[in-house]
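**Q** Sequence:
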Amino acid sequence: MKKVVLAFLLMTNILFSQNSDKTCEILTKINTLIQNEHIRPKPVDDSLSVYVFDNLMNELDPSRNIFFKSEYDEMSKRYRLNLDDLILKGDCGFLSDISAKYTNGLLRTKAVLEKIQAGPIDYSKKDTIRFYKKAFTFYLKKEDLEKVWLKKLRYQILDDIAETSDNLDSLKLNFKSIELQSRVIILSNEICRINTLLERKDTQQENLYNFFCTYFDPHTAYFSDDSKSSFVASLSKEHFSLGVSLKLNEKNEIIIEGLDPNGPAFQTGQIKKGDQIVSISNQKETLQVSCASLESVSTMILSESNKKITLTLKRNSGKNFEVYIEKQIMKDEDNSVYSFIIGKDSKIGYIKIPSFYADLDENNRKGCADDVAREVIKLERDNIKGLVIDLINNGGGSMEEAIRLSGMFVDYGPLSIVIDNKQGQSIINDPYKGLIYKGPLVILVNSNTASASEFFASILQDYNRALLLGSNTLGKATMQTIVPLDENTTTDFLKISINKFYRVTGKSHQNIGVTPDVVLPEFYENVYQKESNFPTAIKNDSIVSLLKYKPYVKRTLIDKIAKNSSARLTDNYYFKQIKEINSKIDGMINVPKSEVPMTLSAIFEQKINRNKLWKEINTFSDENNPLDVYNSTVNQFLLGVYPAEKTINQYQIDNLKTNPYLNEAVNIINEFNASR
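With this note's numbering, you'll find the sequence shown wraps up at 1368, consecutive numbering, no jumps.
Note that these hints are calculated values from the structure, not bench results. Just so you know, nobody snuck in bad clues.
Listed below are the simulated DSBU-like cross-link pairs for lysine-lysine, each with C-alpha atoms no more than 30 angstroms apart in a straight line:
no., residue 1, residue 2
1, Lys1006, Lys802
2, Lys1000, Lys1011
3, Lys721, Lys1231
Predicted, not measured: the structure shown is a model, and the values here were computed from it.
Sequences and hints are given; from them, build the entire structure.
**A** Right under this line is the structure:
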């Protein structure tokens, strides 16, 4: 028996050693690329070690209920200041040690959950719970493990019970039966989640690679072949898809929300709206949805490599059934430019650019710039008097597309100054002489307007070509490229920040964002994460610019119209209400929480307040002055040819009719036209 155990330990050590060698090999390649190509390389030192260790611990145990404090203290003493030295020496055995302790923590947690599952929970004992916005210290002691999990489960069950009814008296009356059902589901899901974490063998390597990368800046990242293909697909307006949209219901079940009639899921004839997804299989592994994270569910469904999917579904609490689906290339509505006309008299064009998508695989599919040009031509045929370009929630995408699009709206001249990691400067010039559209222009932006969309907006602002309206943008002014870790690999890649771009004025919006000419509030503006919130974000600076460029109109005209707009909106009911609701959101999310009593009444009250705010946000609209929104003549014709597009088209129109940002953009263009 001793020989068998010895052989097993020897084999385990060999496997750990092999994994350690491979891990350090990849980290070495990542570091070599970063040191040679990154815009701001930093030394691998104690600062990196602390950053990587702390992030790894937060990723593994965000709620501080897996590792004991003694285990954390031991790992911290051994590794927190030493990971840099170990990585440089090629000794990545620390990851196996941390992973082994994590596995041990998961196993004992599972045992505690199974013990709790076997008996009742006492709700009569007085207790409180507090939630923290930021990571807190490791505190768990061995003797408190069961007590900590009982508190967590007790809150989850009471919260789940509170969600089942808006009548507290009814909940108290039927507490026993509701509690039993809720306890079974929640404990089963927790145990299932632990099992899923135990089965995932290689995720810690990817976490380590990515924390190493994000130490240099938030946008440098390690890509496996799978994550690379998913990222590239996200920048395309066409990709392999099942043709389904999903949602979480009130029980945290994943439900089929909609089916595209042109998609492969609909064409099976077996799937209906409202079906619950029980599990997903890609022929290699099966993911039990009930206890998997939304991230892993999304990865399984969206991954370009998972072209053949088997869904296990349940309908109306009936028996499970399986449906085999092969993905098809479909248009992504979230990555497609579209346009409308506002008003019968003034006729203002509107173009939504959801992202700067591109044909990165060079399959001759048109990118964002060409699609915008096509929509402009359609709108011009109806003699529009102005144009609104909507970049709200546009997270960026292809810089090449942003450069091409900028050139279409700027007559000629420099667009940006680019600095590389050797501090060499190059100028991006307008690739097209002339303008595709010469009329007045307003660009809508918000906190989620980022990267390529900030690049485009800032150029048109500097040229006085457009007035920017909305909220301060995210603040990303760096460019990334994807490269293999070495010339022989097809499985490991690095998305690396190689350039920083500056405006033609020499200023940069890196870390601070682009400030609109007319600043307006938006929902969640104190919640959205900005570039400046990332601890490793590259700092803002500026350079001396000697570039000459010709503004479209005088700055004084833009400033005058912006001032009039701000005055017009001072007492605007909609925007005043947004500020008030944001204050409530801030109080719920960002203000340090007091302790909540662990009683059904207290948690029910918490739910009522939360739902009241959520309802206030979702039902709030600017219906006092609905806009007249309709399709261009060309798009009306196309809808007759492609009637399947009518549903999404009407949904887009309905959303725009009560859009107060668009309403003010129309007012601005009308004022501009009247002033000429």
